[in-house]
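Visitor: The chain contents come next:
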Amino acid sequence: MRRGTDTALHVFVEGRRTALFRSAYLLCGNRDEAEDLVQTTLVRVVLGARRHGRLDNLDAYARRTLVNTFVSGRRRFWRREHAYGELPDVPAQQADNETGLMVRAALAELTPKQRAVLVLRYWEDLSVAATAELLGMRESTVKSHTARGLAALKAAVREEHV
Amino acid sequence: MNDTEVRELLGRAVDTVAVPPGPGGESVFARAAAKRLRRRTAVTTAAAAVVTGGVLLGSGLLPSTTSANAGGRAAGFEKLLPSDVGTVREVSLGSLLRGGGGPLAGKNVGPYDGEYSVARAGGIGYITIHVDKGVKGVKGVKGVKGVEKTGTDPGPDSCALADLAAIADRCTNERIPGVGLLSIWETAATKWAVKQKSAGARAVVVSGGALLSARLRLDDGTLLTLSDLTGFSGVRSQGPPLKTYPLTRAQLRELALSDELLP
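Chains as they are written, first to last, in the working numbering: chain A, 1 to 162; chain B, 1 to 263.
Bear in mind the hints are in silico, worked out from the structure with no lab data behind them. Wrong hints could be hidden among the right ones.
[Stated by the list, open to error] Per the computed footprint, the stretches of chain A lying under chain B, defined by three or more beta-carbons under 8 Å from a beta-carbon of chain B, are:
no. : region
1   : 39-47
2   : 114-125
3   : 149-157
[Claimed, not checked] Far from chain B by the CB rule (all over 12 Å, computed), these chain A residues:
no. : residue
4   : Arg17
5   : Ala34
6   : Asp56
7   : Asp59
8   : Glu139
9   : Ser140
10  : Ser144
Backbone N, C-alpha and C define an ideal beta-carbon position, used for all residues, glycine too.
The shape of chain A in the complex, shown without the other chains (with noise of 0.2 Å):
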């Protein structure tokens, strides 16, 4: 049974490790805090899936906690929000990458929750009313997010086109 159970944790960590690290560096803008926080997530999801004996719906589980974690993560006093100034991996030529920048320099002035619903929302691509259920909040409080994140996207990229 045990044996059983950590195999398929096994696979689930394996196989969801990118995808999970792809939710983390929008939410976080950041390659090493993206990669911590997709770290303590697969280790709470190991260690609550063995708890509870459960491993139906482990997605939205190490969803919810990925999202959890980062919210909570922001909301302790003694972190600082930094503004995005991580070099680009490879040289900013292209204008993908350009465009990815601005992006996540525009998620970067977003609230936690706001990039939250953002990544939820269209990255994920949660409905409003999941959205609102792993998050704890109303539908109309994603709704207004979404607002505000989505106007900050269309700032950037009008001023990229500038």
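The hints should help you fit chain B onto chain A, whose structure is shown.
Guide: Chain B in isolation, oriented as in the chain A frame:
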């Protein structure tokens, strides 16, 4: 900007970043194992500290951290109970049941208002006492108010309150001449639960044991409410529930009618 365009933008933000090779899945399991070990060590240490503390307190080597007033109140309250009731301590049942917050009822009015645990035969039950002064109407279990005013009229029948009728069994009213109206009823364990405050989005519901309640409504509008609970299960449970109520129905009636509980 439609949904696909937004997703594409987010994709551009993340596509240029290579996923770090990272320490791999094994490190996740290693960290999980280390964390579990730390938790177990912490629990064992805490349990050892509780046992050591209990031994030291029991031997009188350490002073109890309970305030003199609270300790005195529990000792005074215990004297009002039958001698074989068990060990009585003052507790915060509100914190235990809900995971935070103050007492279940409002501020203390009567000399023994509070929440007490009763330990006996390996189980833990609870008794709560609360006095309300000058109540204009009858409070139901969910704060629903009755219709009649106080005064010489002892008020409406507690058993007839709509919200109480749904959860109360064997509800009886007794008119005590010169005192007021005493109502006693039982609530089965399956008919009530408390939602705990939780750290995450998921709320934890605590299942309670059987509950025996008494409400004495005095002619001057004072309302004395007593709860006699077998215990509860859940994260903050102090022990298994008692098999019987801490006080029998007759003992609860006697306690409700003792003058010492009133201010």
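Visitor: Against each hint, give a clear statement of whether it holds in the structure.
Guide: Results of checking the hints against the structure:
Check result for the region 39-47 of chain A against chain B: holds, 5 residues qualifying (beta carbon to beta carbon below 8 Å, three or more required). Residues of the region 114-125 of chain A lying with their CB closer than 8 Å to a CB of chain B number 5, which satisfies the three-residue condition for coverage. Given a C-beta distance limit of less than 8 Å, the hint that chain B covers the region 149-157 of chain A holds, as 4 residues qualify and 3 suffice. Not every C-beta of chain B lies more than 12 Å from that of Arg17 (chain A), the closest at about 7 Å, which undercuts listing it as non-interface.
A beta-carbon of chain B is positioned within 12 Å of the beta-carbon of Ala34 (chain A); the least distance is around 8 Å. The claim that Asp56 (chain A) is not at the interface with chain B holds, since no C-beta of that chain comes within 12 Å of its own (minimum 15 Å). The beta carbon of Asp59 (chain A) is kept farther than 12 Å from every beta carbon of chain B, the shortest such distance being approximately 16 Å. Interface exclusion of Glu139 (chain A) from chain B stands, the closest Cβ pair being 15 Å apart, more than 12 Å.
Every Cβ of chain B is farther than 12 Å from the Cβ of Ser140 (chain A); the closest lies at roughly 17 Å, confirming the non-interface assignment. Every Cβ of chain B is farther than 12 Å from the Cβ of Ser144 (chain A); the closest lies at roughly 16 Å, confirming the non-interface assignment.
Going through the hint list in order, the structure does not satisfy hints 4 and 5.
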